[in-house]
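Taken in order, these protein sequences are the chains called A and B.
Residue 1 is where the first sequence starts when you use the working numbering, and the numbers rise one by one after that.
Residue 1001 is where the second sequence starts when you use the working numbering, and the numbers rise one by one after that.
Be aware that a few hints might be false.
What the hints assert, rightly or not - Within a straight-line C-alpha distance of at most 25 Å, the following computed SDA-like cross-link-like pairs (lysine to any residue) qualify:
1. A:Lys182 x B:Thr1299
2. A:Lys159 x B:Thr1299
3. B:Lys1011 x A:Gln304
4. A:Lys274 x B:Ser1142
5. B:Lys1010 x A:Asp3
6. A:Lys274 x A:Arg264
7. B:Lys1010 x A:Arg310
8. B:Lys1013 x A:Asp3
9. A:Lys182 x B:Arg1292
10. B:Lys1013 x A:Leu4
11. A:Lys182 x B:Met1300
12. A:Lys182 x B:Ile1291
13. B:Lys1285 x B:Leu1370
14. B:Lys1281 x A:Val309
Read the hints as simulated data drawn from the structure, not as lab findings.
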Amino acid sequence: MIDLRLADEQVQIQESLRSFAAEKVRPAAHEADETGRVPDALVAQAWELGLVQGSIPETYGGYGQSASAITGTVIAEAMAEGDLAFALHALSPRLVIDPVLHLGSEEQKKEILPLYCGDRFVAGSAAVSEPRWNFSTTELETTAKRDGRDGKAYVLAGKKCLVPLAEEAPYMVVYARDEQAKVGAFLVKAGTPGVEIHEREKNLGLRALPTYEVTLADCRLPATARLGDDASVLLRRARVAQSAMAVGVAKAALAYAIDYAKDRDAFGVKIAQKQAIAFMLADMAIEVDAMRLLNWEAAWNLDQGNDSVREVALARQYVADGVMTVTDNGLQVLGGHGFIREHPVELWARNGRGFATFEGMASV
Amino acid sequence: MDFSFSDAAKKRKETMRFVAEHLMRPISRQFDEQEHENPWEFFNTMWEASKGNREATKIGSSGNGKKGEASEGTLLACIQIEELAWGDAGLYLSIPNPALGGAAVNAAGTPEQRDRFLKHFYDGKPRWGAMAITEPHFGSDSKQVATTARRDGDEWVLNGTKIFCTSGHRALELSDGFVVVWATLDKTKGRPAIKSFVVPAGTPGVTVTKLEHKMGIRASDTAQITFEDARIPADNILGTPDIVTQGVEGFKGVMATFDATRPIVAASGIGVAQAALDVVKQTLKDNGVEIRYEAPRHTMTVLEREVMWMESQLQAARLLTYRACNMMDRGERNSREASMCKAKAGLAVTRITQKAVEVLGPLGYSRKLLLEKWMRDAKITDIYEGTQQINQMIVARSILGYTSAELN
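With the rest of the complex left out, here is chain A:
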């Protein structure tokens, strides 16, 4: 029966994370963007909330809470409403955990998951995007070829970009096209020969998140490094997580614009009392809710074990368009002040532009 409410447990998570995001994350966002780094102490605090460990079963050292994609979207949205770069950073361990949970063998789970259940934050990373204009997740140019006498080992070759936290993550998951043209996901340990991490990237947004270009040249991996077979579902899960973060960014812009418009005087009234502004805000509110519902439907389909190709694609397209429109309109409501970096709205518009491009940078 159609019921579009979160479960009580999910509402509790949502409420506590929204207040964490508002009280701790948001106040640090501006300086993080200017200095290029989110405070480690804040990442540590987020770690203590158990956002990451929660989805890992107790057998492997986690808390064994809900690992549903819907719960993942709730966490991602709430954190991104605070700050996108922070959300991607704090939730980065999921880039490794989610693939292992979903496609990993028992051995892989035993080896990898306990690493992310300790007292301290451990970064995760994933290499999906490639630095070319016509990049597509369905036509990866990074290749994984069989090698070795027994034909079991893999050799990875290619160039990746927008790889978050590559310098500090003990593991990254590299996505590459195998010889059957399937998407393969490979666990790559830090220091593996053939992996070269280049200088930190400079992007339109996400300035507080360290991302890198990574070159893979003759990078040899044992057969046990591969997670499952066809890993394309992982990229759909990533899209749902990213879209949830986009909803968070859009919601932030909406709320900020509402507060500003109710406070700003013009022509003897508050600007929110003018239809030109009020209707813009109404449309933004409608779109934020529509974006969230569509993305929840995609997440729900993933949770049902459906391939969800259509639902995820539609939600992603809708959300990527929507977050751009909503953040841009939010900026517009502030007028000239929206263009000034003291207000966070231009940051959200820069971050919002990225969602049509981001692939595999978060996971539910």
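Fit chain B to the supplied structure of chain A, relying on the hints for placement.
The following block gives chain B in isolation, referenced to the frame of chain A:
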């Protein structure tokens, strides 16, 4: 959270799709072209099928379910209406039932009135209910009501002119139905003096003076009605005759019916747009074009992008509508969400059907197909039961916490 239909919802959808396909589509073009004709065979079949089904008369009773209890009455109504409108939106509006008049009786009437006015919708010959709010000099600004109601002994005496009354002709002249009429007890007292009155067919002094010629939904009659010293019994007033400024009675009670009817209007538009989208996708498929949802950006065609845009816009409108229904079914206040789904659906279905005509080119523009009709039928979704702009206003006031004095 659950995005799947219950068995009851699946069954309802299936049944209504059958009706849409077999009873509505075959006569769709005919009653678009023969405006103001009556498809009696269809009316009689629908009447016989719905007799004894009280579900159809329940729309508008706030909280079909008790708080916290699983209920899906409003949702089922929306699913039903989406399917019927998929068949033909004009014919759906023409189906003999209490319609918006029933919604008003349910929302603002006493149990005795509900029984008295609605019981004949379970037996006898086809009947229609209707709602008359709009007058020649106002639309959304409903406090401008100039039709008057004067008490005279055991009767109310109504005088004035109403326009844009859906099924007004069928309710008053083709059947023993009724029209719920908004009238003021005292023009100087504003909204609290506006009341709604049930005017039965056959009341002397009530005349249908004009049937409108419309862009779309032409199978549905849109009547102008004049009231000249029309006398109705004193207990035909819905709610209290006192001019009070608070409570569900009176104006606010009448406005609350929109919380139920806006999702329903959204659903009917969604049905029309789904029909258009289905034809577009089928035509493309028949010509070897499949939508590749995960195609690389640089190889995706304009057509694929447009179809994906149509699909996601439509689903967004649908989910917002389901949410508003969910809330009503739980007995929660849903004014904001009802306006959100109406605003979203109104614009989305207008754009989707326009796009559908464009995508199929000369084929889409031709009256050989029903696409052009659906574009005409969809537009009204963004107008009746509150225009796009009225719903934006309601959403804006809600999110900003403003009164109508603060934002107008």
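Evaluation of the provided hints:
About 19 Å separates the Cα atoms of Lys182 (chain A) and Thr1299 (chain B), which keeps this hinted pair within 25 Å; it holds. Restraint check for Lys159 (chain A) and Thr1299 (chain B): satisfied, since their Cα atoms lie roughly 21 Å apart, inside the 25 Å limit. For a cut-off of 25 Å, the pair hint linking Lys1011 (chain B) to Gln304 (chain A) stands: about 22 Å separates their Cα positions. Distance check on the hinted pair: Lys274 (chain A) and Ser1142 (chain B) sit about 21 Å apart at the alpha-carbon level, within 25 Å; holds.
Of the supplied pair hints, the one linking Lys1010 (chain B) and Asp3 (chain A) holds, its CA atoms being roughly 15 Å apart against a limit of 25 Å. Taken as a hint, the Lys274 (chain A) and Arg264 (chain A) pair is honoured in the structure, with Cα atoms around 11 Å apart against an allowance of 25 Å. Distance restraint check for Lys1010 (chain B) and Arg310 (chain A): the Cα-Cα separation of roughly 21 Å lies within the 25 Å cut-off, and the hinted pair is therefore satisfied. For the suggested pair Lys1013 (chain B) and Asp3 (chain A), the alpha carbons sit about 17 Å apart, so the restraint of at most 25 Å is met.
For a cut-off of 25 Å, the pair hint linking Lys182 (chain A) to Arg1292 (chain B) stands: about 17 Å separates their Cα positions. Distance check on the hinted pair: Lys1013 (chain B) and Leu4 (chain A) sit about 19 Å apart at the alpha-carbon level, within 25 Å; holds. For the given pair, Lys182 (chain A) sits about 20 Å from Met1300 (chain B) by alpha-carbon distance, which is consistent with the 25 Å threshold. As the CA atoms of Lys182 (chain A) and Ile1291 (chain B) are separated by approximately 20 Å, the hinted pair is consistent with the 25 Å bound.
With a CA separation close to 18 Å, the supplied pair Lys1285 (chain B) and Leu1370 (chain B) stays within the 25 Å bound. For the given pair, Lys1281 (chain B) sits about 17 Å from Val309 (chain A) by alpha-carbon distance, which is consistent with the 25 Å threshold.
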